[in-house]
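Asker: If you want the building blocks of each chain, they are given just below.
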Amino acid sequence: MLAEKYAQEVQAILAKYPPEQRRSAVMPLLYLAQRDKMHVDRGDMAEIAEILGISATEVASIVGFYSLYYDQPKGAYHIQVCTDLPCALRGAEQFLDELCSRLGIRPGETTADGLITVEPVMCLAACDKAPMFQVHSGQGLEYFENQTVENALSLIERLRTDAARRLGVKRRDGHD
Amino acid sequence: MTDNGLVLLRHRDIPDLDNIDVYRQHGGFKSIERAITSMKPEEVTELVKASGLRGRGGAGFPTGLKWSFIDNKSWPHYVVANADESEPGTFKDREIMEHNPYQFLEGVAICAYAVKAQDAYIYLRGEFWQQAAALDQHIAAMEAAGMLGDDLFGTDTTLHIRTHLGAGAYICGEETALLESMEGKLGQPRLRPPFPPSFGLYGKPTIVNNVETLTNVPMIVEKGAAWYRSMGTEKSPGPKVFSLSGRVNRPGNYELPLGTTFRELIYEHGGGILEGGQIKAIMAAGASSALIVANDEALDTPMDYESVPSVGGQLGSASVIIIDDTVSIPWLINKTIHFFRHESCGKCTPCREGNFWMAHLTERISSGEGSKEDVNLLFDVASQVRGKCLCALGEFAVEAVLSGIERFSEDFNGMAK
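Order-wise, the sequence lines are chains A and B.
Per this note's numbering, the very first residue in the first sequence carries number 888; after that it's consecutive.
Per this note's numbering, the very first residue in the second sequence carries number 1031; after that it's consecutive.
One should not assume that every hint holds.
Below, a list of computed lysine-lysine pairs in the BS3-like style, where the Cα atoms sit at most 30 Å apart [what the hints assert, rightly or not]: (1) B:Lys-1265 <-> B:Lys-1215; (2) A:Lys-903 <-> B:Lys-1418; (3) B:Lys-1377 <-> B:Lys-1234; (4) B:Lys-1146 <-> A:Lys-903; (5) A:Lys-903 <-> B:Lys-1060; (6) B:Lys-1377 <-> B:Lys-1418; (7) B:Lys-1234 <-> A:Lys-903; (8) A:Lys-924 <-> B:Lys-1215.
Quick caveat, the hints were computed from the structure, so don't treat them as lab data.
What you are looking at is a predicted structure, and each value in this text was computed from that prediction instead of being measured.
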């Protein structure tokens, strides 16, 4: 339960908005709910709805509308490669295809160990540093720019080690 | 002016400008102090009006005029900085926030003072998670230094700035969709009027300005309107950050006066076309652009709000994507239409359905399977989307399609069966 586990964070988020406008906190609360397991489930949505005094359906509509929330479990790390026009003009599509084939998956799929999902995404505001991707995990987002397939693969190896360690210690607080 | 004249990307001259002490050593926060202690809010607005600053998010609307529209019969007022930067080809606000954050935050604070708002929010796209965390720290540093908070500079002025993260929706760059999103709703545009200066965040008068726009403001307060007007053109004064991308040797952000030619940007600053190629088309406003035929006339056109339309484009947020002769236009419009199909918020039928159907057509045409009828039908659908949607996304989506088919018809001949 968010209210117990992250009591302080929940209060800090609510304090950002006028007291009569609690609903504004729905997006930051969803990020908080996603922190540990990289997706939000029905229980999370019901709890957020209760905190904000809105319906669970309204919370679910937010999850459905915005692309950075997930209602299904996927890899612990999402490697999100920008293949939009400016990046595509500098080889981003070939980069994505080669990276996926080296990992033995197709774009959008997750590696067999369940840790790494590779997917194309829309523009990430890094058009001058293609090929580039962001790594999205419950801990947040990090950009990796001017990439080659080789250095992306070595990063993925590091993430795998990291993820195995994190999941091995039973995902306690997501802060390690 | 700073040593080599940079106004917005000053961090390129001054190392560690994202350190509050360094920022203060270089004149930081003098403008907010001066505004609060020696200027009336209306005087700040008048100064910004006199500078001729125009909104850098894409529309080019006069900033001071927008501030003067704030409705003083309804309270409280809000300021929301639009840091949703999501247009393919745009990456200027990110550089400003990462490296020159205090000048931006000072601009937010001055704007809030000018329109008598105590609370300002910065709405960042969800992917700018690290930038938001850094801004939170910078805001805390400003509070500790007495630059934000209550009773500022011994007056009764109160200013607070807070960050708010979006979650991956291009449409939230549209100001009314952004406000809906901040209210915890789906990011879908509102019917306008009323405009945000009378009915904005929580239904209260709100000024929404782009990051780059606000970053100009401290320098205008410090150096004055005449200084600002010494750069750029008469109708488009001041410096602009041009985001250059695509098939050029040196993509990146370039701060140049408005009115600089495409040729200077592409060949002097950008180092010309990749692999010695031939330039074919220019998209001056990111993926939302019409394709400008890159002939000599276009290359010699000044990049300002008035001139770019004369060669069939828009300056927009000055996200200049360079297309060379290795690129097929059917492939390009397939790319842009897939973007807009993904990002259409679904509110207006012509945009939601039009982009969906156009994506089928562009997919077929770009794969070489299309017929002449497909090209005609695509043109027809695109024409019908135009002018029929609540916000500009529908318009943006068809710009490249219509101009591509009209101006680069030879690219469609080869594949039309």
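Asker: None of the hints should be skipped; say for each whether it holds.
Answerer: For each hint, the structure was consulted:
1. A hinted pair counts as satisfied when its Cα atoms are at most 30 Å apart, and Lys-1265 (chain B) with Lys-1215 (chain B) does not qualify at roughly 38 Å.
2. Between Lys-903 (chain A) and Lys-1418 (chain B) the alpha-carbon distance is near 37 Å, which puts this suggested pair outside the 30 Å criterion.
3. At most 30 Å may separate the alpha-carbon atoms for a hinted pair to count; Lys-1377 (chain B) and Lys-1234 (chain B) meet this at roughly 23 Å.
4. For the proposed pair Lys-1146 (chain B) and Lys-903 (chain A), the alpha carbon gap of about 19 Å is at most 30 Å, so the pair holds.
5. The straight-line distance between the Cα atoms of Lys-903 (chain A) and Lys-1060 (chain B) is roughly 27 Å, inside the 30 Å bound, and the hint therefore holds.
6. Distance check on the hinted pair: Lys-1377 (chain B) and Lys-1418 (chain B) sit about 12 Å apart at the alpha-carbon level, within 30 Å; holds.
7. Restraint check for Lys-1234 (chain B) and Lys-903 (chain A): the C-alpha separation of about 17 Å stays at or below 30 Å, so the hint holds.
8. For the hint pairing Lys-924 (chain A) with Lys-1215 (chain B), the CA-to-CA distance comes to about 24 Å; that is within 30 Å, so the pair holds.
Of the numbered hints given earlier, the model fails hints 1 and 2; all others are met.
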